[in-house]
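**Student:** The primary structure of each chain is shown beneath.
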Amino acid sequence: MSIRRIAVLLKKEWKYGSRGFFFVFAVAAPFILTVFINLVFGSLFSGKPKVGVFDMGHSSIVSSLKEMVSVELKEYESEQSLKKAVERGVRDVGIVFPVNFDSLLERGNSPPLVLYFWGESLLKDRAVAAASVLSRIRDFSGKKAPVNIVSVALGKEKGLSLKDRFIPLVVLLAVFISGFALPSTSLAEEKQKRTLGAVLTTPVTLRDVFAAKGLMGISLSMIMGTAVLFLNTSLSGRFGLILLILFLGSIMASCFGLMLGAFMKDISSVYSALKGLNIFIYGPGIVALFPQIPKWVAKVFPTYYVMNPLMEVSNNGASWKDIRQEFFILLGFLVFFVVLVGLIAGKTRQQET
Amino acid sequence: MSPDAINVDNIEFSYGNVHAVKGITFDVKEKEIFGFLGPNGAGKSTTIKMLTGQIFPKKGKISVLGMDVTKKTGRVQARIGVSFEQTNLYEQMSAVENLKLFADLFGVKKFDADKLLAMVDLHGRNRDHVSTFSKGMKQRLMLARALVNQPEILFLDEPTEGLDPVSADNIRKIILKERERGAAVFLTTHDMMEADKLSDRVAFIHEGKIVALDSPYHLKQKFGKRLIKVETETASGELKETEITMDEPYTADDVRSLFAEEKVITIHSEEASLEDIFIQITGRGLTG
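Read top to bottom, the protein sequences are chains A and B. Just so we're aligned: the first sequence equals residues 1 to 353 in our numbering. Just so we're aligned: the second sequence equals residues 1 to 288 in our numbering.
Here chain A stands alone, though its shape is the one from the complex:
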């Protein structure tokens, strides 16, 4: 392998590959999906949080909440009807004001305040609702949050919102569309148009070609993965660790792409194969979308070991210790795939053009 020749080929890939349909698709698809999810499930252009209250003792705080523009308030006749509204997602948050709430506050006590929230409501809406209530209580009592808030999640999904459940799939798409589809289509296209044969009559080896196309996939995959994580506000964890996992994920994606490209004769075959292989690549993301599917199903797919550590570190603030087992499994897969790609690059010369 020659670094100079790989650099020449890589420059060619960036300059001319970026004009291709698949490059544009690989860049645009994760962004479009991000915007789509945000439009459908929240954050961008979403309205005010819907708050429901059951006021057992005619609290003046409820009256002042009605005047606030940051929340959309509705009163309920009973705690039962409030809970039902929250369960169905009619209200994002439901608050039960107990009897004598105001007088208990005045006496300096900390009365309990039960706060129900719909499991699929946005964190932002929950935060806005809670902050609005707390600010009104603070205004009334003149003290800093003199209440104990008990939060109870209602509805079928008590964990992540639907939007949050989509993020793993979007991240997988960002990493693997670029890393997987670009090298495979580029390699197959060069075979179909016979340019690979021309390049291989120069001192360029097939390993040089694989390295250049793999690096192209890895770099774009890294950029897209980071951008999508950033857009989905999930870069809260350890940035270095996130980049390392993204890097390994990008290598895995490129290995898959190169293996596919090596065995396919033309672009149409790659497209057909990509359709069939989608489940193999994006399976863990689909499993994450449906919490009723057991988590072990996702663990069957190699891409799980990219997606899960990435989401754990970026979303849940997991540390190296928390993800090291999955990290080493990912590393094991990578060693296997890289060796396989190296062997294929050596063997394919005999069948080329």
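In case anyone wonders, no lab produced these hints; they're calculated from the structure. Cβ atoms here follow ideal geometry from the backbone N, Cα and C, with glycine treated the same way. Please note that a few of the clues may not be correct.
[Unchecked claim] Partial list, derived from the structure: chain B residues whose beta carbon lies under 7 Å from chain A:
1) T52
2) T70
3) Q77
4) A78
5) N88
6) Y90
7) S94
8) L101
9) D104
10) L105
11) F111
12) A118
[Claimed, not checked] Rough simulated footprint, nothing fancy, chain B against chain A, three-plus residues with beta-carbon under 8 Å:
13) 4-10
14) 188-198
15) 201-210
Starting from the known structure of chain A, fit chain B onto it as the hints suggest.
**Tutor:** Chain B alone, transformed into the frame defined by chain A:
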């Protein structure tokens, strides 16, 4: 005797069960134009692929510029140029970009793409995308690409296929110029006239085997039959064609009697072509 540019010793290659090349042996001298002729499927392209290191022979040895092509593939490829029969250019790039890419891959430092393009009559189209080129223009660009590293051996697969007579003639001049520069040329073509005009020696390949190898002149001497064709007018005014074999003891008498007895309208000699010789040897034509 000049040293060999290419030395091929009993090479074989098969695609699965199909035995494409069945033990062929030949050599190409330095500064020699070597014509490699045969019909489609005879094993020409497979042989070129083996000589240029794209595939390796299953048996036998190939030495190019004194190096084993299977062991020193990269070093051999750095000193050869290949022009293909089928277009394989980067169509989304311009002509200059195509040439510069290959110059960079070969590591050519001082490279003048415009000069090379002018040589193949593509000046004025230097910056145009190759996708807008005609087949003939692409063919010429592929030849230019094969020359970017000033190769010591030039492999040309049907270089004049699809070209107009003027362009084809220009390509032939470039081939001769390359030989003058010192390059050996390995040429495959269907055009027998071209092979006859250009080649110092030709090899006929048929069903994976070389069935004849010599200079065109010697092949014609060995296999060809020289004829005199005479057109005469009979007493009743009808035209009649007579063929007289040359180089026979009775040739002169036959010609003399024709002139004496009949009214000769036209007379001309005819040489056997390489195509005739190929048919004579293999029982089939080259274009089949």
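**Student:** Failing hints, ascending?
**Tutor:** 2, 7, 11, 12
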